[in-house]
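Based on the provided sequences and hints, a complete structural model is requested.
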Amino acid sequence: GAGVSQSPSNKVTEKGKDVELRCDPISGHTALYWYRQRLGQGLEFLIYFQGNSAPDKSGLPSDRFSAERTGESVSTLTIQRTQQEDSAVYLCASSLSGQGVTEAFFGQGTRLTVV
Amino acid sequence: AQRVTQPEKLLSVFKGAPVELKCNYSYSGSPELFWYVQYSRQRLQLLLRHISRESIKGFTADLNKGETSFHLKKPFAQEEDSAMYYCALSVFGNEKLTFGTGTRLTIIP
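Chains as they are written, first to last, in the working numbering: chain A, 36 to 150; chain B, 330 to 438.
If you are wondering where the hints come from, they were derived from the structure by calculation, not from laboratory data.
Below 20 angstroms or equal to it, Euclidean Cα-Cα: the simulated SDA-like pairs (lysine to any residue) are:
no. : chain 1 : residue 1 : chain 2 : residue 2
1   : B       : 425       : A       : 140
2   : A       : 92        : A       : 79
3   : B       : 425       : A       : 101
4   : B       : 425       : A       : 107
5   : B       : 402       : B       : 433
Right under this line is the structure:
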């Protein structure tokens, strides 16, 4: 079956431009996460969606970052006025929640390069 | 708030030698602990979870509530074990996964 799909897989943008990253979670997964992974660094939590609950936005690094999720499906992460320090791999993950703690499945990531 | 600490950013081990990747957590209740692995050019994926109490690819991890640790161990390292390893924590009822900063394991031939 289809796993978590992210698009685009690579994105090069000019400093100051806005970018939108997309995540298609596994069908039926109510929980969705966005993480950032800078070169040679660990996973940095950005935002967490869980069903109809208010998202946990505690990891968003600035107000230039925002994310939305349509119901229990697609999510988009938007970065406005991109800066060079935004260059990283952005990872999306989803999990089947509501039945105890379950495995998170990750997408292949979007590699963002800000030039 | 829950927190996961992986004190070693880099770890190099000779092939055939024992491996131990350290993970400590802070949470006052009973957490669920996981190890995730990312091999070169592959997706991040679950390696093992403590409630399963199973050995995956020769790796085991025991939850020590007294020491709040969940160290990952393997008695004999193999070259294919080279990867980035992340320890993660979740709490029943609030299933947000909190990851540590990761340890890059390199197995020296």
